[in-house]
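Chemist: One-letter residues, chain by chain:
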Amino acid sequence: MKKTLAVLLALCMVISMTACGKSSTDVGSQNSGKTDLVIAVDADVDTLHPADFSTTVEMDVLNQVYDTLMYMNPDGAHEPEPRIAESYEISADNMDYTFRLRKDVTFHDGTKLTASDVKFSLEMYMNSEYQGSQVTGLKSVDTPDDYTVVCHLENPYSPFMLGICSVHIASKAYYEKSAEEFANTPVGSGPYKYVGRNKGSNITLEAYDKYYRGEASIKKVTFEVIPDQSTMAIALQTGDVHFANIQSSSMTQLQADKNITIAEVSTSGFAYVSMNTEKAPFDNVKVRQAINYAINRENLVQVCFDGEAEVNSNICSKSRFGYSDEQFQYTYDPEKAKSLLAEAGIATPYDLGELLVAEKYSNLATVIQNDLKAVGLNVTIAVKEFNAYIGELTSGNYSITALNMTLEGDTQMLEMALTSDYIGTANNARYSDAQMDELFRQAQAETDTDKRAAIFNQIFTKAQDEAVYAILGNPLNLYAYNSALKCPEIPFEGLYSIYDFSW
Amino acid sequence: MVKFVVKRLLYMIPVLLGVAFLVFAILSLTPGDPGTIILGITAKPEDIASLNAQLGYDRPFFIRFFNYIGDIIFHFDLGTSYQSREPVIDSILARFPNTLKLTIFSMSVSSVIGISLGILSAVRQYSVLDHVCVITALIFACIPGFWLGLMLLMLFSLKLGWLPPYGAGSLRHFILPTITVSMTSAAGLLRLTRSAMLETIRQEYIRTAKAKGASEKRIIVRHALRNAMIPVITTLGTSFGASLGGAIIAETVFAMPGMGTLITTAIRQKDIPTVMGATLFLATLFSLIILIVDLLYAFIDPRIKAKYRNGGKSHE
Amino acid sequence: MSNAGKKRNSQLSEIWRRYKKNKAAMVGLVILVIILFLAVFADLIVPYSKCIDQIGAERLQGPSLKHFFGTDEYGRDLFARVIHGSRYSLFIGVATSLMALVIGAVLGASAGYFGGVVDTVICRIIDVFMCVPPILLSLAVVAALGTSMRNLIIAITVSCIPGNVRLIRSLVLTVAEQDYVEAARSYGTSHARIIFRYVLPNAMGPIIVNTTMAISDMILSAAGLSFIGMGIQPPSPEWGALLSSAQQYMFTSPYLLLFPGMFIMLSSLSFNLVGDGLTDALDPKLKD
Amino acid sequence: MVLKIENLSVSYETDIEVVHAVNDISFSIEKGETLGLVGETGAGKTTTALSIMGLLPERTARVRSGRIEFQENDLLALSEREMQHIRGDKISMIFQDPMTALNPVLTVGEQIAEALILHNTDGYTQKEIEARVEETLELVGIPKERKKDYPYQFSGGMRQRVVIAIALVCNPDLLIADEPTTALDVTIQAQILSMICDLQRKYGTSVIMITHDLGVVAETCDKVGIIYAGEMVEYGTLYDIFEGDEHHPYTVGLFGSIPNLKENARRLHPIEGLMPDPTNLPEGCSFSPRCKRCMEICMKKKPAVYENNGHQIRCHLYDAGMQKAVSENRKEAGEDGR
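Chains as they are written, first to last, in this note's numbering: chain A, 1 to 503; chain B, 1 to 316; chain C, 1 to 288; chain D, 1 to 338.
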């Protein structure tokens, strides 16, 4: 009997608790001088293969273990920084890229990193279904000597540089020793060595003492799998976790805690309304423009992202190469929307049919439905299971939908959403326009950045005029970390590197 | 009795085959294929097609099914996961101990609380204790798992700092999940034990026992409890089996890798081998538990034992 | 009033008299009546439009005179959503529990009563359904029948029938052995009549408890199916959906969880207390 | 004197009605004597028995007055713990319906042994208890090998024998048999009754035989008490009741309703009317509404007990000044072909 009373007593205390304010224990100070770091991730890695990976968590872990030829900020606006390759040159016809390797780079098992490893890694990427797109356009690789690598392209492809800078360089010898070990216990040349993992729970890395840029200041890194956002927030506050990518809903709780600092990082992902341009009335540009004007993006950002997103009606996010303020931005103007509908001959209230969404986008749908009703367009929300939804989306078996999408890498990747040969995959609007296809082909070949920026300017102005999509905004990537942790400004797309962290 | 057990074990084969076919059919016939799911909609169609081919997902339904069953029967190989390319048995063995420990802890706590309070409130019917137990049981039956879990976390790990907020390392990690899981099932057990006991206490043989001079405690334990056990054991067996399938909410809130989250994520990712492997693994355990529950019936009630012994034909 | 009528009337008043004696059951009945009243007259209490109108500016506000239960993350009035949500949730909760009870009783009772081949066939089929994860069963229903309220009820019921069948079978196993069943068979009563007139009434206690306890689980599980597109389509309100969408704001605006949770608990409490009251009142043996 | 009950009154109280089941009953039993309590169903016989055993339902039953003296202490005053020592050991009871009286999940042997284990004051060993159980089984006519069997494997008659074995295994001083044979057919009934009498003679157990069957009373009882509406309307030896001249009109009516093999009486004479409603018993003598010889006084005053060397009758006919009533009584009885 006593045990049950104790349990009931404890629970009554819990039930009587109101929302909790600040955490009582001050964890900030005791961490200085520490050398370990615990990072919370929301899902476990499925594989640690350097090329055949697909989730962001896998990328985060592999980025610490493997090194790349050079480092290039994904926003495409900075010059690549040297890593394994000290320097590079591009041939006049932009078809050949030559990299000079450092001579003092070693893998974690002590073996030297040579050009043959780079050739092996590049070829591995070429025939990988997972990350093959990083090396699109690469025809062949040859190694004149142990420390020089020359990449030959099929035709000039300006995004190639950004792609090649995300190729993880792995050891050819280690692969030949055992392919299975290769995928499970990675051996790279990056700042951290792989130590081990408990499936479903955590992954442990250790600083690599003979790293050519000097040993990292954080000696031991543990990635802890915490699927629930609220638990992750609590773990941050108790100090068990020092760094985590969080969702906007835990913001208010964590902002109130002085031991926690929040970093907002912009990414190329965008939330958007996709209209099937092959189906009436969405084939009429005025209707698409009306929908663009009808949506109150400021309110949507507040409601669906707790304010943690940049309002933006342009498919190219503001901190990405190729964006400029000249490009047209739709504003919230219901009257203009109504007049455009009238011009398009739509008698309101008009039933647009089903607004098809997957369950995780039902918040977007709810707000959009409300905004569209204000201008006389009625939609009924239909929620579908995610895979069924993707099937309907890619096969064009829908009229209007709302979702998030990320086309990371070079701005060229936006061709997947706008050019006709991607209808059936990422071109959900099923928009097909010869001039748009031609513009993207020019952008792909053009290597001069200013000329390329001009081409992109044309592209995005055209996309806005024809209102191919109703882009809503770019959700921000939110990182919460212990205030005592000194970490640099996290780059675009949130590809952090723990090497730069320190207590 | 042995004949009965052997027969039941033989029946397990069609049951497991039925489960395998049903799960395989549902997963294969519902939309979505591993290739698209892994590579995402931005991938090139030919990449998706070649990945599906590698995973053997492009072969017709029945061939895949028979190959799969063939692998299990002849090579005891549960296949490799689409997502991690690792044998399914590894992820099961990595996660099952957590779920098993959580199930045993939570079932013992919930049966101790549920059954003892159920008996007490039945014996003291219409007393204050009875009403308090019933009301508390109902409150806990409706409390959503995630709310209870997070409130416990808030109190015990954040405010008081006694317990770790996540993970499955030591026994201390299991305290909060056990409370979360056991409270709801304890509520159900309490109510059921109470009503089963009420039915039994009114039987005539209870008065005969009293006439023999037996004390109330003895009557409850020796006479009433045994007769009331049948429905209670059934619920215990079913909920034990169900929680072996993993307490998804507790596993998510307390970041404890278990069978529940393994199966749900695998279903979302259409990772057929993992879902099949985990489901068949649990199905075997579940069938054994159900067999044990049926044997317990016979052990408790001789009339049911007799019914089983003569092949269960008692009314034709 | 014909004689039978008078007899029936007096029998009913007898049951009502015994029921009234049980204070807890009366409390349950009062709560139930209030909740049913709210569900039926929802439109009069608060217009349906108020639970879908979104006022961005008044987002995530605590309970106030303007919004009794405060507002959700879209700025919609939570009070309206809870009141109108009662229609869906109560309907789901009651419909699924009753369906599971009826199907469970038929299968469970015949398995327990007949034994032999019937028992084996039913039990083994039930074993198959018990081993398949409930989410998959619902996925199958979605794939086969599409998404609608009817299919939602089917999906939830399918996942809870196995439990019911096993419980009722176990209860019937012992009752079917009693001598009055033997006696009933001796004067030629049909099997079906025996099952429903003699066997099941004697196991009513645990069955009613199991059914009324299941109601709150049913309401909560309806929300669990929304991720496969099976739940109530937004923006219409439903208690389970209110709870799961309030999960992310649990610490910053706890009232979002408190009110729907309280209503689910109150309705489940009332169903259980009324169920208990009825079992005691209907039970002939319970004279005192 | 084994048991002495004085002015016992018991009523069942629910919130809308009060049932006066037993009204001022007194009687006593000597060692080895069998007292028959006869009366229609609902007359309060079983309530009297349950009061002795202390098995009345706690919530509703209330003993309004009376003493039950047994071995120098009043059973009604004993605590539950003390009663537990007495039940099964000193006083034991056989219930009416053998079908439901045994625990279906325990073997017959276990249920008999339990009585012994509960009252194992002399420290019997396990083996001795087993032997005692087998002996008792043989005593009641059940082969000892069957002690491992379960109740469902026995017929009604055999189960009643088990119940009797349970009641007798501790050699109680007083055995209360509540209509032990009503649920059984006649042939089994004879075996059970003769067995009870043999056991009584063998162990000197006094027995209270509750029945509504006068045939059973004739065969087994030494003394008889006729109970009507919770009152002992007539009490005396077997001879007084069966052969005596003075009778309470209800007793006359009872005997009038038995067919007599010797004479070929054309019709039986059942007593008109029904038992009075126990929630509002009539003024005066409770049999007055149905008594053919009802007088003015019967309806107003409760009759005093008329005693004629042990033979008590509670009827105004036998009030001091009413001697002439006696002859009419005898004449009327004769007419009915007694």
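One should not assume that every hint holds.
[To be verified] List time: in silico DSS-like cross-link candidates among lysine-lysine, alpha-carbon distance up to 27 Å:
id	chain 1	residue 1	chain 2	residue 2
1	A	K34	A	K486
2	B	K44	A	K462
3	C	K50	A	K360
4	A	K103	A	K219
5	D	K148	B	K3
6	D	K202	B	K305
7	B	K217	A	K199
8	B	K217	D	K127
9	A	K220	A	K199
10	D	K90	B	K217
11	D	K144	D	K4
12	A	K360	B	K3
13	A	K119	B	K44
14	B	K217	D	K148
15	A	K103	A	K199
16	D	K90	D	K144
17	B	K217	A	K279
18	A	K373	C	K23
19	A	K139	A	K451
20	A	K139	B	K101
21	A	K373	C	K20
22	D	K148	B	K305
23	A	K258	B	K159
Calculated from the structure, these hints are not laboratory results.
Chemist: Each hint: holds or not?
Modeler: Hints, verified against the model:
no. : hint              : in the structure
1   : A:K34 <-> A:K486  : holds, 12 Å
2   : B:K44 <-> A:K462  : holds, 25 Å
3   : C:K50 <-> A:K360  : holds, 24 Å
4   : A:K103 <-> A:K219 : holds, 25 Å
5   : D:K148 <-> B:K3   : holds, 22 Å
6   : D:K202 <-> B:K305 : violated, 40 Å
7   : B:K217 <-> A:K199 : violated, 49 Å
8   : B:K217 <-> D:K127 : holds, 26 Å
9   : A:K220 <-> A:K199 : holds, 18 Å
10  : D:K90 <-> B:K217  : holds, 21 Å
11  : D:K144 <-> D:K4   : violated, 37 Å
12  : A:K360 <-> B:K3   : violated, 53 Å
13  : A:K119 <-> B:K44  : holds, 24 Å
14  : B:K217 <-> D:K148 : holds, 25 Å
15  : A:K103 <-> A:K199 : violated, 36 Å
16  : D:K90 <-> D:K144  : holds, 25 Å
17  : B:K217 <-> A:K279 : violated, 77 Å
18  : A:K373 <-> C:K23  : violated, 50 Å
19  : A:K139 <-> A:K451 : holds, 25 Å
20  : A:K139 <-> B:K101 : violated, 54 Å
21  : A:K373 <-> C:K20  : violated, 51 Å
22  : D:K148 <-> B:K305 : holds, 15 Å
23  : A:K258 <-> B:K159 : holds, 16 Å
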